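Below, each chain spelled out in residue letters.
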Amino acid sequence: MNRPEPNPLPLPSRCREVRDTLGRAPGRLDAEFRSDHLAECPSCAEAVEATHRLALAWNAARPTPPVGSFDATWSQVLARVEAGEGIVSNVLPLPRRPHRALAVTALVLSQAAAVLIGWMALRPIDTTSQAAPLLAMLDDAPKVIDIEPSEVLILRFDREGSLDRRDIDALEISDTETVGFDTPVLAYFEARGGS
Amino acid sequence: MAEACAGVQVAPDETLVQRACRGDSAAREELFRRHFDVAYRVAYRLLGQEQDALDAVQDGFLKGVTHLHEFDGRSTFRTWLLRIVTNASLDSGRKRRRRPTIPLGDSRTDGIEPEVTEDPGLGLHRADLRRRIDQALARLSPETRQTFVLFAEAEFSYKEIAECQGLPIGTVMSRLHYARQKLQSFLEGIDEPA
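Sequences listed follow chains P and H, in order. Numbering follows this note's numbering, in which position 131 of the first sequence is assigned residue number 131; successive positions increment by one, without gaps. Numbering follows this note's numbering, in which position 16 of the second sequence is assigned residue number 16; successive positions increment by one, without gaps.
No lab work stands behind these hints: they were computed from the structure. Honestly, I wouldn't trust all of these hints.
To spell it out: a stretch of chain P is covered by chain H in this simulated footprint if at least three of its residues, at any positions, have a beta carbon under 8 Å from a beta carbon of chain H; those stretches are [claimed, not checked]: (1) 41-53; (2) 110-117.
Restraint ranges, calculated between C-beta atoms of paired labels, are given here [what the hints assert, rightly or not]: (3) P:N59 to H:C21: 33 to 39 Å; (4) P:H52 to H:Q51: 29 to 35 Å; (5) H:Q181 to P:E82: 45 to 51 Å; (6) P:A113 to H:Q18: 40 to 46 Å; (7) H:D72 to P:A114: 52 to 58 Å; (8) H:A26 to P:N59: 31 to 37 Å; (9) H:D91 to P:P42: 43 to 49 Å.
Source: prediction; values computed, not measured. Glycine residues also receive a C-beta, built at the ideal position from the N, C-alpha and C atoms.
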């Protein structure tokens, strides 16, 4: 009766240990591994050899920065810092005319609202006429209202009946889109990007 | 200036960070100077071009300088800075797709002496070897390349790579294994006569 040959393969746990060390820190494969296990395990020896060759090639091909490149880079970095670059990178870009434009817009809108309210109080009621161009009736109203991109302008149309397209067309609104009607008297406009 | 630089060279990074945050420009310069080489190597390995790498390092250093006060010491300064440079390199790479091959006579090899590697058996000059490595790296996906470069060049731990890339550690390990296999197979014929 033949006795079974002792298993020539190394213990799997030992192989795993070698592969794990190879993966994490190939430089730590010490003499213990080499003498104790690698000589008996062709598979691990091959893996170690391949890793060694890759490490050798990787290190030999290690790039080095051109002479003087730190000084050149650093002076560029300082110049960009001086120019204010990189400081507000996580902040939304500011509008081009932030404060003054908002103040002027608010003033114009308040004046327009005042004129509208005055006209509403004094206007003659004519239920038979068709929709008339609104600005034609508002001689004192500002003819140009400037709003910033993404701002919403709300106009109240104080008239009988529901709004229709002619009311909007009469305003000669450009670079905006009508984003909603709250019939019968309110319309919302939003400026498109850029002004 | 020379004395000041000599004085700060022995200071640990954390001390230099504190001094830099208090307005010490010499400390700040020294802080970034001592990590410039590794930052360049990481950027170069990711991008494969000298000028692209220098641009990415400059972008990364700019962000590092302007956000230095946000460094909280949870990692080393080196790790923090290399993460920033890595991200700058990836941004740059997305804008300018990585060149898959490096043409012969490229200017980046001009300054490199054709010295023989440490292992004469490799039979390849350094420039040729680097070209091979570049080509092999270019065959990896950007994500796998980043993982391998962070491990092999930046010497990040598995945990640091996992945090940097937002991956489980197991994925980092499998990516490294895959990258090694690919690179090794690409470099297999390396010791054949050139």
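*Mind checking the hinted window 31 to 37 Å against the Cβ distance between A26 (chain H) and N59 (chain P)?*
Check passed, 32 Å falls within 31 to 37 Å.
*Residue count check for the region 110-117 of chain P against chain H: does it reach three with CB-CB under 8 Å?*
Check failed, 0 qualifying residues.
*Range hint compliance [Cβ, N59 (chain P) to C21 (chain H), 33 to 39 Å]*: holds (35 Å)
*Does 29 to 35 Å hold as the CB distance between H52 (chain P) and Q51 (chain H), or does it fail?*
Since H52 (chain P) and Q51 (chain H) have Cβ atoms about 33 Å apart, the given range 29 to 35 Å holds.
*With respect to the beta-carbon atoms only, verify the hint that D91 (chain H) and P42 (chain P) lie 43 to 49 Å apart.*
This hint holds: roughly 45 Å between Cβ atoms.
*Evaluate the given range 52 to 58 Å for the C-beta pair formed by D72 (chain H) and A114 (chain P).*
Since D72 (chain H) and A114 (chain P) have Cβ atoms about 53 Å apart, the given range 52 to 58 Å holds.
*Annotated coverage of the region 41-53 of chain P by chain H, confirmed only when three residues or more have a Cβ within 8 Å*: holds (count 3)
*Given a hinted range of 40 to 46 Å, is it respected by the beta-carbon distance of A113 (chain P) and Q18 (chain H)?*
violated (56 Å)
*Mind checking the hinted window 45 to 51 Å against the Cβ distance between Q181 (chain H) and E82 (chain P)?*
Holds - the Cβ-Cβ distance for Q181 (chain H) and E82 (chain P), about 48 Å, lies within 45 to 51 Å.
Going down the numbered hints, you'll see the structure goes against 2 and 6, while the others check out.
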